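There are 6 protein chains.
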Amino acid sequence: MTKERMVYINGDMVPENEAKISIFDSAVLIGDAVLETTRTFNHKLFRWTEHRNRLLRSINGARLNFDLTPKELDEVTQEFLLANLPTLAPGDEGGVGHLISRGRMGLVLPTTTTTFVMYFFPLSRGLSKKAIYYEKGCHVVTPATRHMHPLTVDPKIKYRSRLHFSLADEEARLVDPEAIPLMLDHQGNLTEGTGWNFFLVCRGELLTASERNILQGVSRMTTIELARGLGLTVKEQDLQSYHAVTADEAFITSTGMCVMPVTRFNGQLVGDGKPGKLTLDLMNRWKEHVDFDFVAHAKRFT
Amino acid sequence: MTKERMVYINGDMVPENEAKISIFDSAVLIGDAVLETTRTFNHKLFRWTEHRNRLLRSINGARLNFDLTPKELDEVTQEFLLANLPTLAPGDEGGVGHLISRGRMGLVLPTTTTTFVMYFFPLSRGLSKKAIYYEKGCHVVTPATRHMHPLTVDPKIKYRSRLHFSLADEEARLVDPEAIPLMLDHQGNLTEGTGWNFFLVCRGELLTASERNILQGVSRMTTIELARGLGLTVKEQDLQSYHAVTADEAFITSTGMCVMPVTRFNGQLVGDGKPGKLTLDLMNRWKEHVDFDFVAHAKRFT
Amino acid sequence: MTKERMVYINGDMVPENEAKISIFDSAVLIGDAVLETTRTFNHKLFRWTEHRNRLLRSINGARLNFDLTPKELDEVTQEFLLANLPTLAPGDEGGVGHLISRGRMGLVLPTTTTTFVMYFFPLSRGLSKKAIYYEKGCHVVTPATRHMHPLTVDPKIKYRSRLHFSLADEEARLVDPEAIPLMLDHQGNLTEGTGWNFFLVCRGELLTASERNILQGVSRMTTIELARGLGLTVKEQDLQSYHAVTADEAFITSTGMCVMPVTRFNGQLVGDGKPGKLTLDLMNRWKEHVDFDFVAHAKRFT
Amino acid sequence: MTKERMVYINGDMVPENEAKISIFDSAVLIGDAVLETTRTFNHKLFRWTEHRNRLLRSINGARLNFDLTPKELDEVTQEFLLANLPTLAPGDEGGVGHLISRGRMGLVLPTTTTTFVMYFFPLSRGLSKKAIYYEKGCHVVTPATRHMHPLTVDPKIKYRSRLHFSLADEEARLVDPEAIPLMLDHQGNLTEGTGWNFFLVCRGELLTASERNILQGVSRMTTIELARGLGLTVKEQDLQSYHAVTADEAFITSTGMCVMPVTRFNGQLVGDGKPGKLTLDLMNRWKEHVDFDFVAHAKRFT
Amino acid sequence: MTKERMVYINGDMVPENEAKISIFDSAVLIGDAVLETTRTFNHKLFRWTEHRNRLLRSINGARLNFDLTPKELDEVTQEFLLANLPTLAPGDEGGVGHLISRGRMGLVLPTTTTTFVMYFFPLSRGLSKKAIYYEKGCHVVTPATRHMHPLTVDPKIKYRSRLHFSLADEEARLVDPEAIPLMLDHQGNLTEGTGWNFFLVCRGELLTASERNILQGVSRMTTIELARGLGLTVKEQDLQSYHAVTADEAFITSTGMCVMPVTRFNGQLVGDGKPGKLTLDLMNRWKEHVDFDFVAHAKRFT
Amino acid sequence: MTKERMVYINGDMVPENEAKISIFDSAVLIGDAVLETTRTFNHKLFRWTEHRNRLLRSINGARLNFDLTPKELDEVTQEFLLANLPTLAPGDEGGVGHLISRGRMGLVLPTTTTTFVMYFFPLSRGLSKKAIYYEKGCHVVTPATRHMHPLTVDPKIKYRSRLHFSLADEEARLVDPEAIPLMLDHQGNLTEGTGWNFFLVCRGELLTASERNILQGVSRMTTIELARGLGLTVKEQDLQSYHAVTADEAFITSTGMCVMPVTRFNGQLVGDGKPGKLTLDLMNRWKEHVDFDFVAHAKRFT
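Chains as they are written, first to last, in this note's numbering: chain A, 837 to 1138; chain B, 837 to 1138; chain C, 837 to 1138; chain D, 837 to 1138; chain E, 837 to 1138; chain F, 837 to 1138.
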């Protein structure tokens, strides 16, 4: 890895260490920005079109300005990916992050209309710490902090105003330093984690929160498709903590982890406390679907 | 004004144009930061101790790390102010902004524990556009976007995850390009604007939202004290839009504007559509209290 | 009583039996109208200015058009009263009702901008049936139907879209044909009846719902003033059914009934099931205040 | 058109100009009435049985008295229609409105048990102003006023207590004089307009609000049937504003307009800002289904 | 019936009259216990495995300790049943109740970890009073008391903290001494009764509340299966009182009553006020399914 | 301590070990009972009249039957106390618990109308474990479980259906085995613990939850009186977790502990993490008020 990772800022490629934006940018002053995160399998972006369309929906939902056409966005993203792929260690995969803010605010300097940033990261970095959980399963905890109300910022927008994600993280760690938070909505339904969706297996059916107050996860949708392909009934519905502590199996899905077993919920075992059979089946189907062993990948970099 | 405005970033003084932070800072990636804004009257910070204590409460409320003692924070702030005061045009006053984030996130570069930024801005810049409203009064509009629910991030924390402020601004402008948004809470009560508190005069009493879901505004508290000094009854209570459209007078308070009349609400006149008598009385009391004519100041720089 | 009661419709005086409005009026087609009801004591309107101001606030709150100045409204109302007072039986008192609608809708006929109706009624007619309750007290029941949410139509507006009042009446009568309904709000707090406010005496204090989701009753405010004059502590706060079934006394206030004891609540006795001592004291203070024995008046016409 | 349009009031046929009801009717005093509106295609009532059954459900839901049997209601309605059809201009169609109130209230005159009114209107009158929107699409705005809570009056009842409809209309016009309001429910979900239902096309699927807090629209159900006939997936679910601003297409359905494209939502374009392909397909299917070109009809009378 | 009914308490068989637990048990002091009720048809437990699994889910949901394996629980239950069956009168059937509490609390005596009680009752005792309703149908009333919020104790747990059931019963009886209560949830949706689920027949479809805030009733699920077997569409969805008063038929399901017609709802007739045709069909399918005429059984013991 | 503690059950005095009630009692089967707990200082009941009145209010609120007059209840309670006081160790104090249930349910045995139990406990038993916290302060944690909604069972009733108290306890212990739970209400406001009220000292003022959804605590009211006697401002208002983590001091009040400092809240220090000065002042005022050193008492029995 002799090449240096580069960051894209408003058309410029900048070395990662020097990738900075003005403190007067709306992203800094008021968290006024949206994002997208896409990963590669075998160095190809996974379902890029779906990610790109969701990003455009986030831009619309947040009433942001963005001048690139979908085609231009595809090209600049692809170009950015190719420039950074050579920085990956052998066997590793990469993630591309997009950030679109409303631009610099006019507090002292002239306003600008949009800030567009792309960054690249080796997936191994975040996943290596998580490899162990593919075997023992995660501990999911519902924090006191509630998920963003759709009337404030709709969670279907992938927005960056996420101080509550940090609060949720801290609160989950009060219960268990290894725990990860699953936020409830304001009626007490399970929603999503700080970057992942949640699934339960209850009496042979796959249950997951409806899209009302969660991000429309691409890995979530992939999982639903694969599950239906296996003949499973998948229900998108309101779920409560009761469902989790009485489920047979549980798992989470995310861009980075794909499918990750959950074996504890608020301190109680899920099922027998081991990754479930259907969960393992779905992990295998995922591996075939993306032609990539994401578990082996995570372990290799541990 | 030969001197250049400087920004303080983690101990360094940086020219404003070069004041940037890493795109991997939690402030950028997830809006995970708190803030404070304080202004000068006659080049002295107004009620700094109250602002500083509120900043420390925000840090606690957001579970952030911050190593400076209150005394050190006082000193570094004072020093920063003195360094920037000479950049002000004659007759102008300044604002000091604080930003404390959780620091750089470990996506690719090593994490850091806290980012501490201070910036300085001439108040004339923002106020000059508002001078006219001291005479004709503002138009306040309640946007569709609801204020942050206290169970997500308590509005008593002065946090930077404020994408909803931008949405509220845009929605208010749909009604009137000059309108400013007053957000409702999730039960439909009036809360606060995107940086200001709201007061009504109803049958001789001063009414304002209770502290349940608003920032504990320093200018708000100053106004309450001054009003009580004038013998007025001040009630902090749940208010609805009905109160505003049937009020005799209305005004807003903020660090920059101090007291600003409101003469229209959701397209309807407040009272007779002119700044009210009690409002003008309070503006005069304010001017005496701070020994500064903030209306003349704003007009001078128009 | 040789004279005929007259109704005022958009400037015309019409005999009661012929007092009709177009079925295309917004009052008929969509209940789009506000109202006010004022009564006389000794043939003088009680607190007319307060009623008139509330009517003007209702007009504003409902975004209706109304061209008369307050002074013109005073005059036309006074004139209307004088024209109808001679129709009263000896010893009786009268009520004046105002109705302001948005006018005829343009479904088939041309639109008009406002419909303004005043009607007159002898108070004895409604009160004679209620006289008995001054002695045995009313039975108040909380119906299933919830009070109008302030985000739909603020109950501080005295509006005519009151189908839910009829539903509440019917539901209360399911429990007891003599019962009258006290609606709860959407959080379960006690609000008001279908035309009256509710008071409790709990351990020496007078408790009543805050103005958040009730009409700002003139008789309610009169009662609060009289109670404070008697040295009582009066608290306006959220109340639940618990307060009523554990109260020492209860009563209601309204334009017609002034103060009326309540002795049963949802089938349970309030206190010892008889009108309370403080209630009777307040009734006496009322009689002095208005220089009129409203109980004797009701009984006389039984 | 030499004949005069007649109104039916409690068994009498009255010329439109003289069609009035007592100001003491519960419809006038408290908006205590239900309604139904049905239209003709080619001079035949469209799905009358469904409209009639819904009217009977509204009567039940509002606990109103109504003595006619379904068969008698059919007959009197048909008779009323036939009497009025000759008043239509050539090529025009008609609408029949039903109003059932609880009858005259006993404030001064004796009570009556039910008021039953039918009126007739040429559809051209209302539609001619809307013809242009079949081509450019409507602008839908979500007003501050929330839809009636089902615990106050269930929106599945077609009730006349609709002051909030007027408030919603006025608020929408603040944004755009041509805009029409789509009310949110108290959780922030999209419900319905002031007389129409709302549909979205999102990634090939047709989405519309579930029946929880909207009227069970006959045109809505017709549209769902036709869409399913075209092989489309139709989902009745909770929808938020996000869905509308990220949809590919949007339209509304109502008795008068049948299907009408929507091209703007809260100031943002829906899709590319032009009536969508699927919307146009459904409009064509509707025309076939009712054997009537409702667009041409509206344009003819512009 | 010469044998005496016995109660099982922590491993001991005790005569019913002497079946007592310490007043310091958590079941007594804080209602901290879960339950299950199962019945026999032809002296065999109906769907025991489903009941047992639900009991285990309740134990998990309530974070109780319970040491028996499912197999041991099966055996001890079966043994208990067999010991008590001989106490039944000829032709009668029995019910088995399970109670699991957190054990004795340490207020004065040493704590214990679990209290496990089983009791037995002849079904005829409770059903004989209900036999008449199989013919005339029940009167269902929605009480003021709301169902337990899932964030307090999830109604999917069959818990014993049911003071609100008693309140609901008393309130329903205020309307009609024979009425039984159907609780609403905090949004106003129909949930369940004090031990039974509720079904409606609306235009040929079977509607029942979704599992969000009701017990996952075994008889409810049996009914859904049988209805689907008859080719009926069954929808689990949010329902409001409107659905009940406009339904064609209604009925309830419970362990003891199986299927019981409902003919009145809040004082209004459901359909024509007689048990509906589909209801009777389902009752017949039930009788076949369980090979037992539960109506005849109830009548025999009247 | 040669005497044996006795329990009162429906008129009988029973040795503690044999104090049992039928498993068919409504307290056991459905937690249908209310309670009261009173303690002695110097072997005299503290504010018995207030406790007794609250018990009578609970009985009313729960629609229970209770035949004793207040005077009889006073006598039987006093008699019971005197019988048990001799069982106390030297220097110890006692607690008296009352339980009133709806009586035995008619599942198999005949119904009874009321069950009335009194029990006695040495306060040292529970307090000895808590003595250490008078010095280091408690750790208060807000659990996921929400407090009972007033529309289900009003928390102003001291009821025994408290499974949610156990859930809250377990959840608090997930964070810290020593932590105690402070439940939030359904809007996210702080309410009360599982038997205690909560106070904060914020900038010199004493803040505590309003009585809307908490028990009307006798120790709470005593503390408010003492604080006002010290010249402190006491505010009863909605409080959020923000208030606790930014408070200067915090403490709880209960019958057993009187006043107990709180030094941690959800893992964060309150103030400087030590019992606060005003808290200590109030503890001293309490000791004077009750003429008893409750801290020394607790320590003596450690």
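In case anyone wonders, no lab produced these hints; they're calculated from the structure. Remember, predicted model here, so these are calculated numbers, not experimental data. It cannot be assumed that every hint is accurate.
Because identical chains share one entry, a pair is satisfied inside a single copy or across any pair of copies.
[Unchecked claim] Pairs of lysine-lysine residues, derived as BS3-like cross-links and limited to a Cα-Cα distance of at most 25 Å, are as follows:
{"no.": "1", "residue 1": "K972", "residue 2": "K856"}
{"no.": "2", "residue 1": "K1110", "residue 2": "K880"}
{"no.": "3", "residue 1": "K1110", "residue 2": "K907"}
{"no.": "4", "residue 1": "K880", "residue 2": "K1123"}
Right, here's what the structure says about each hint:
In this assembly of identical chains, K972 and K856 lie within 25 Å of each other by CA distance neither inside one copy nor across copies; the values are 39 Å within and 42 Å between. In this homomeric assembly, K1110 and K880 never come within 25 Å of each other (Cα to Cα): the closest approach is 32 Å inside a single copy and 36 Å across copies. Taking CA atoms no more than 25 Å apart as the test, K1110 paired with K907 passes between copies only; the shortest distance there is 21 Å, against 45 Å inside one copy. In the homo-oligomer, the alpha carbons of K880 and K1123 lie at most 25 Å apart inside one protomer (15 Å), although the nearest pairing across protomers, at 48 Å, exceeds that limit.
In summary, the structure is inconsistent with hints 1 and 2 from the numbered list given earlier, while agreeing with the others.
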